[in-house]
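Student: Letter by letter, the chains look like this.
There are 2 protein chains.
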Amino acid sequence: MGRWEPGARERLQAAALELFATRGFEQTTAAEIAQAVGLTERTFFRHFSDKREVLFFGQQEFLQAFIDGVEAAPPETSPLEVIASALQAAASFFPDERRSYSRMRQSVIDQNPPLQERELHKLAGLATTVAAALRARGIGEPAATLAAESGATVFGIAFTQWIRDGETRSLAAIASDVLRELLDLTGAATASRPFP
Amino acid sequence: MGRWEPGARERLQAAALELFATRGFEQTTAAEIAQAVGLTERTFFRHFSDKREVLFFGQQEFLQAFIDGVEAAPPETSPLEVIASALQAAASFFPDERRSYSRMRQSVIDQNPPLQERELHKLAGLATTVAAALRARGIGEPAATLAAESGATVFGIAFTQWIRDGETRSLAAIASDVLRELLDLTGAATASRPFP
DNA sequence: CTGTTGATGTCTGTGACTGACGTCAGTCAC
DNA sequence: GTGACTGACGTCAGTCACAGACATCAACAG
Numbered sequence: 001m002g003r004w005e006p007g008a009r010e011r012l013q014a015a016a017l018e019l020f021a022t023r024g025f026e027q028t029t030a031a032e033i034a035q036a037v038g039l040t041e042r043t044f045f046r047h048f049s050d051k052r053e054v055l056f057f058g059q060q061e062f063l064q065a066f067i068d069g070v071e072a073a074p075p076e077t078s079p080l081e082v083i084a085s086a087l088q089a090a091a092s093f094f095p096d097e098r099r100s101y102s103r104m105r106q107s108v109i110d111q112n113p114p115l116q117e118r119e120l121h122k123l124a125g126l127a128t129t130v131a132a133a134l135r136a137r138g139i140g141e142p143a144a145t146l147a148a149e150s151g152a153t154v155f156g157i158a159f160t161q162w163i164r165d166g167e168t169r170s171l172a173a174i175a176s177d178v179l180r181e182l183l184d185l186t187g188a189a190t191a192s193r194p195f196p
Numbered sequence: 001m002g003r004w005e006p007g008a009r010e011r012l013q014a015a016a017l018e019l020f021a022t023r024g025f026e027q028t029t030a031a032e033i034a035q036a037v038g039l040t041e042r043t044f045f046r047h048f049s050d051k052r053e054v055l056f057f058g059q060q061e062f063l064q065a066f067i068d069g070v071e072a073a074p075p076e077t078s079p080l081e082v083i084a085s086a087l088q089a090a091a092s093f094f095p096d097e098r099r100s101y102s103r104m105r106q107s108v109i110d111q112n113p114p115l116q117e118r119e120l121h122k123l124a125g126l127a128t129t130v131a132a133a134l135r136a137r138g139i140g141e142p143a144a145t146l147a148a149e150s151g152a153t154v155f156g157i158a159f160t161q162w163i164r165d166g167e168t169r170s171l172a173a174i175a176s177d178v179l180r181e182l183l184d185l186t187g188a189a190t191a192s193r194p195f196p
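Protein sequences appear in the order of chains A and B. Under our numbering, the first residue of the first sequence carries the number 1, and numbering increases by one thereafter. Under our numbering, the first residue of the second sequence carries the number 1, and numbering increases by one thereafter.
Derived by calculation from the structure, the hints in this document are not laboratory data. Hints are not guaranteed to be accurate.
[What the hints assert, rightly or not] Residues from chain B that face chain A, not an exhaustive set, calculated with beta carbons under 7 Å:
1) 121
2) 138
3) 142
4) 146
5) 149
6) 183
7) 185
[Said to hold, decoys possible] DSS-like mimics (lysine-lysine), calculated; alpha carbons at most 30 Å apart, straight line:
8) B:51 / A:51
9) B:51 / A:122
10) B:51 / B:122
11) B:122 / A:122
12) A:51 / B:122
13) A:51 / A:122
Being a predicted model, the structure only gives us computed values, none of them experimental. Cβ atoms here follow ideal geometry from the backbone N, Cα and C, with glycine treated the same way.
Kindly produce the complete structure, drawing on both the sequences and the hints.
Tutor: Rendered as structure tokens:
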């Protein structure tokens, strides 16, 4: 056994979520989180660049899943089909067992503007990365960015629906539905062609 | 003459942008901004809820323009046509004279993650408000949110293009083009109908 | 047995932000 | 004209997020 308990980062993340959920984000200091797992404030900030990051660290695999989904699509696939593939890959990172945890986490975020800002920033980063992956497939601008941002939007709406009370469908199924709705929406507009 | 020079808020905003542009956002303290216009730090925070807000205060009219554009659309208009109307209305808030100022401001934001987070939060707030306006017109979910978010995305991409070096088209023209691209993108996907 | 390394603690400082309270010019009632 | 009132500001003191510098100590390589 080492000098310290292993998994300091994970313990800090768990303690932080619990404290944020009970006392609230602002009413919880970084020192309190650290103390709750037998560490000091300084160590907290060694693991997380700032207090908010404790709720967002470790999303690298999720982002990678999204990218993998992009690259898994066969060549010459239309941008939105690539996005559909990416959405399915990303959704696999949120199996139903994770739903209740996600719900709790999201309720904390929804109650704190600073956390919402960070979440939006992460989502924007995702869109930027996906856009780059699309460009690497030969898709030009602004199509790549447009498709990537639309994918992020669809994912966000689907995720919100996934954690709603009473929702039982899988995230993959919901995401597929939402993407379909987006196509219907724009399809309807394209059909009538009232745009200059 | 009063005891103090009038327009404290505007003077603070101007000084802040200038200092952020020269020294950088992190290297500029709120106290320095205040001192630059003969005020104290405490007064700075009376005008702006936090340091970042000095760059974002006063966007109420812009948001209102967007909403006005939504409400100006004739009844029974398809969601994306409503968005097109809103985009045109919003674009009128950025005449060409404002381009160079916007460029400077954006370059400051682009260099500072905390400012980017705030900007995304404001844009998300815009989408939320527009979605509510669409729902008030009888558009259901998720169509309303989807359309509003797409509108925000289009505006964001168009604005980025409007700011680019060498760009001479008006924001309204660019926004119109980007929206057209979005329709082409989804239209192409809808045409082949490869989605389940 | 010894040098190095990695994760941690300790100490100390800066700057964002807040609450309580004091100040003073203009304004309005009387 | 005088006094109460108000709005915009200053002063003071405090909390907390975060960062740099340095010490500590188990583990591990040699």
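Student: Among all the numbered hints in the text so far, which are the ones the structure does not match?
Tutor: Going through the list in order, the structure violates hint 2 alone and respects the others.
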